[in-house]
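Peer 1: Each chain is listed here by its residues.
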Amino acid sequence: MTVTAQAVRRDAVKAPRRRGGGIAPPWLFAVPALLIYALVVLYPAFSGAGSAFTDWSGVGAQRSFVGLDNFQQLFHDDQALGALRNTLLLTLAIVVVQNGIGLLLALGVHTGIKSRMVLRVIFFAPVVVSPVMVSFLWKYVYNPAPDAGLNAALGAIGLGGLRQDWLGNPSIALWSVAFTVIWQCAGYSMVIFLAGLEGVPAELHESAMVDGAGTVARFRHITWPLLAPAVTINMMLSTVGGLTLFTQIIAMTNGGPGYATDTLSTVLYKQAFVFGKFGYSTAVALVLAIFVAAVSFIQIGYLRSRETAA
Amino acid sequence: MALDRSVSRRRLLQLAGGATLAGALSACGGGNGSSSSGGPLKVIGAGSQEAGLRKALDDYKKAHSDFDFNLSFSPADQLQTALRAQLAAGNAPDLHAVYPGNGSAMSMVQLSKANLLADLSSQSWTQKIPTGFKGAFQNDGKTFIFSPGTSVLGAIYNKKAFATAGVEVPTTWSELLSVCDKLKKKGIVPIALGAQTPWVTQLIDYALVPGTVYAKTPDFDDKMTAGSASFADSGWADAMDKYLELQKKGFFNDNPNGTTYEQATSMVGTGKAAMAVQVSAVLQAFRAASPTPDDLGMFPFPATDVAADNWIPGGVVVGIAVSAKSKKAEAAKKFIEYCGQPEIVNAWAEAVACVPLYSEGDAKVDPVLKPFLPYLKDNKAVPFMDQRWPNAEVQPTHFAVVQELLGGKSTVPAALKKMDEAYRKSA
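Here the protein sequences line up with chains A and B, keeping their order.
If you count the first sequence from 1, you need to add 1330 to reach the numbering used here.
If you count the second sequence from 1, you need to add 11 to reach the numbering used here.
If we strip away everything but chain A, and leave its shape as in the complex, we get (with noise of 0.2 Å):
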């Protein structure tokens, strides 16, 4: 490389920053976004957190300061300890199983199969259906009645022993809520794997077989360490969903039956739109938001380096 190609390099390299130490363009097209972001995020975000310190319902001037007492009632509350056991099983069966559904279906279709793309469109489709339209449509399929939805299909294979009330039994309805969202999302994971697929080189898995290994052994060797990226993406996407899931949950079950399938999140939202605790529900979506940044830091902590090592 000449002196003069390196100095072409260093200059193009330098371009974005203004000399005389001011704001470099791009911030300065960034100002406007970032601008109405602080303003409508957050800045509401820092200053409704101080309502997590009063007595306040949501409603009316009446206001006052509590300290930390919605953060003490918040730990010996049953209802909210509950909904935390609920929302990290939830974010369990998430994160594994929808990965797991999304690495087959990855797999699946990277194929050489014909009707690959098609599968694809097929595996992709629930995603891009409104939670709210799948919430409903699974409800109909959920249908306590033997002779509709589910219960129909499983007396007409044989199966009537399995019949279930999918939703209004509280043994059950977690997992009946985590099987829509693992249905309806399993298409979004593998759109990443899938991604991640493509960039694992075809020469590497050439020279494994010319050297005599299986399928198994190159994708331990081979796919899946080089998948470390897209698991990453993956993992981090599923957990602060589920830890944050709402809306199938409301619509689905409303927490119900009984306090069965509440979440952190529905908690909140019940606390202040229910109860009329608009502090003690600032409270929760603190300590809520606060969890999911400290598993996200931890995860992506350990997942990058994993990365690294790979």
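Calculated from the structure, these hints are not laboratory results.
These figures come from a predicted structure and were not determined experimentally.
Take these hints with a grain of salt, some might be off.
[As the list claims (entries may be wrong)] DSS-like, lysine-lysine: derived pairs with alpha carbons at most 30 Å apart:
{"no.": "1", "chain 1": "A", "residue 1": "1469", "chain 2": "B", "residue 2": "420"}
{"no.": "2", "chain 1": "A", "residue 1": "1469", "chain 2": "B", "residue 2": "283"}
{"no.": "3", "chain 1": "B", "residue 1": "197", "chain 2": "B", "residue 2": "259"}
{"no.": "4", "chain 1": "A", "residue 1": "1469", "chain 2": "B", "residue 2": "259"}
{"no.": "5", "chain 1": "B", "residue 1": "195", "chain 2": "A", "residue 2": "1469"}
{"no.": "6", "chain 1": "B", "residue 1": "260", "chain 2": "B", "residue 2": "420"}
{"no.": "7", "chain 1": "B", "residue 1": "66", "chain 2": "B", "residue 2": "375"}
{"no.": "8", "chain 1": "A", "residue 1": "1469", "chain 2": "B", "residue 2": "260"}
The hints should help you fit chain B onto chain A, whose structure is shown.
Peer 2: Relative to the frame of chain A, chain B by itself:
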């Protein structure tokens, strides 16, 4: 979005902040700032009051050429979320639905304590509110809502289904069990229960508690307020045991926790089920679900084997109030004053199948409600239980514990303990 200038930007943003943290609620605070002085009166009503409220507004508009309104309705579940968000943001509708008494986040007491409702005390009709109902309309001696009257709660039944099983309307608890047994043997679901819809869960308790609690202890609510009574040590336990007895005997449809209000309504309308415990305000919905609406009747749901102890629940129906921040408050108050005339009260009450708050001469009452009138006359009616509960948490707790009981995940003492704990929380 046009915002009411009286709203502090800081407060609105703080509210939005909580919603932002929630991560999912940002769409709930929508509104179009109707409280400005121009344009039609913005009115939001509850779905169950549609027939009466719309008629009153239409009639008033015909008589007042300068009056115009923009009316929308919301189902009970969504009314609370949508209206509370608008009230908090300061862009509430000029006139809106409010629940009587206390016990709900959208109840008269809760909202008037937050100074969100205009005082209607100077209107002449307020002098005619019967003494026993004042708690539903008034807080601190001031009247804040108008409501056309009282809804009763009992069993809406399909006469054809009763005839098929050869049974008559029961008047005692034992007779009720016998009737259910005969209906079941004929292949008819005795009682349709759509307990997946939360508010439906409470109705059987509400039907039984007047007999198991209030007939023996008419001052039960006062004792609860004073702390000398509890749900757990009262006839509430008897009512819940009876509720579960109906389930154990197989008198409900399969899987009530997975069945919605609409499905239960359809079951009774079509005769697949014989009855459903419901409020008279939803009679029209049952009639709409029936090919032969005249076959539907209603009777007081018996709770005890002593006929004299069978009281009924009779609650003031959802009312309307004027937003304290409305710039068209005077126009809204004039409309409410118009609603207070006996003929309008009667017409509205008839449209929503309730007993009018007062009348001059004979009131027109849906004939189906006649079996309930002697109870009202003899003071054997008690307001819906939640109207005297001290905070908005007891009622949703009741919904949840009933679902747990029906799902076999709780016991009556544990359920009532949770309700007592919710009751003792501050307002």
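Peer 1: Provide an ascending list of the numbers of those earlier hints which the structure does not satisfy.
Peer 2: Of the numbered hints, all hold.
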